[in-house]
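Visitor: Sequence:
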Amino acid sequence: MNEQYATQSRHADLINLGFNGMNYQTIKALINDINAKQSNANLLIEITSLLEDKEDDNYAYYMGNSPFMHVQYKNTKYEYLHLMRLNNELFLRNIYYLRKSDADWVNKYTISENLIEETRTLALNDTTLGNRPLLIERMQNIVATCNQHNNKAVFFLAPYYPEYLKKLTQYPALIDTIQSLHTFTFHDLNTLQIPTNGFSDRIHTNVTSSLQISDYLLSH
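Each step along the sequence shown adds one to the number in numbering that gives the first Met the number 0, with nothing skipped, and position 176 is 175.
Do not rely on the hints blindly, as some may be mistaken.
What the hints assert, rightly or not - Computed cross-link-like contacts, DSSO-like style, restricted to lysine-lysine with a CA-CA straight-line distance of at most 27 Å:
1. 151 - 36
2. 166 - 107
3. 27 - 151
To be verified - What follows is a set of in silico ranges between Cβ atoms, one per label pair, in the way DEER data are often shown:
4. 94 - 122: 41 to 47 Å
5. 115 - 37: 40 to 46 Å
6. 108 - 171: 24 to 30 Å
7. 182 - 113: 37 to 43 Å
8. 203 - 41: 22 to 28 Å
9. 95 - 115: 32 to 38 Å
10. 7 - 35: 24 to 30 Å
11. 95 - 28: 20 to 26 Å
12. 94 - 157: 27 to 33 Å
13. 36 - 195: 37 to 43 Å
14. 119 - 36: 44 to 50 Å
15. 176 - 109: 31 to 37 Å
16. 32 - 10: 24 to 30 Å
It is worth saying that the hints were derived from the structure and are not from the lab. For glycine and all other residues, C-beta sits at the position ideal for the given N, C-alpha and C.
Starting from the given sequences, assemble the full structure and let the hints guide the process.
Guide: Have a look at this one:
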């Protein structure tokens with residue numbers, strides 16, 4: 000979802016709470032927080048993130064102290080100041096991005112020819128999208144929680160580069176399972192005709208296709 004486009008051009012009342020590497024426990028906590036404070040809202044949830052239970056190792060860096068602060072306040076007792084106790088990358092970056100839109104960090108890369116060629120020779124992948132029982136259980140729990148607070152869970156599967164999608168052997172069964180239950184509001188964005196230059200790599204789209212994806216999600 001392109002937040003800036005959605006809010007300014009489509010006039011949607013939208014808040015983007017997603018980030019790469021978000022695990023299920025974090026998603027559940029965010030959904031509970033939204034449900035406690037909001038009603039009559041649509042929650043757009045990408046389903047593969049619901050299968051992530053580990054915390055992304057890359058976030059360990061952001062939770063440490065900021066090197067810049069140590070240099071700026073060298074040989075001072077800044078750690079005794081209450082504000083400076085909030086010296087960690089995660090907090091400081093949140094402050095930095097507080098008044099910025101996702102246009103400041105939206106993906107502008109385009110998939111390379113080398114990666115396209117490499118994708119053609121990849122082996123079949125039977126693990127990605129494979130844990131259907133757990134995924135369905137978590138989707139059902141989210142729907143039940145949202146329904147209790149008059150909110151609606153809208154699930155979607157983000158687009159994969161088409162050549163890579165062919166390697167995901169569990170993909171057809173996953174879609175069949177979700178659609179056969181008639182329980183979820185679900186959109187498979189792999190049905191969209193996204194051009195090659197709309198992908199940044201095998202599993203991520205970019206700013207070029209973000210408008211197309213945003214239009215679809217906001218219209219459905």
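Visitor: Now tell me if each hint is right for this structure.
Guide: Here is how each hint holds up against the structure:
no.	hint	in the structure
1	151 - 36	holds, 14 Å
2	166 - 107	holds, 25 Å
3	27 - 151	holds, 14 Å
4	94 - 122: 41 to 47 Å	holds, 44 Å
5	115 - 37: 40 to 46 Å	holds, 42 Å
6	108 - 171: 24 to 30 Å	holds, 29 Å
7	182 - 113: 37 to 43 Å	holds, 42 Å
8	203 - 41: 22 to 28 Å	holds, 23 Å
9	95 - 115: 32 to 38 Å	holds, 35 Å
10	7 - 35: 24 to 30 Å	holds, 29 Å
11	95 - 28: 20 to 26 Å	holds, 23 Å
12	94 - 157: 27 to 33 Å	holds, 29 Å
13	36 - 195: 37 to 43 Å	holds, 41 Å
14	119 - 36: 44 to 50 Å	holds, 47 Å
15	176 - 109: 31 to 37 Å	holds, 33 Å
16	32 - 10: 24 to 30 Å	holds, 25 Å
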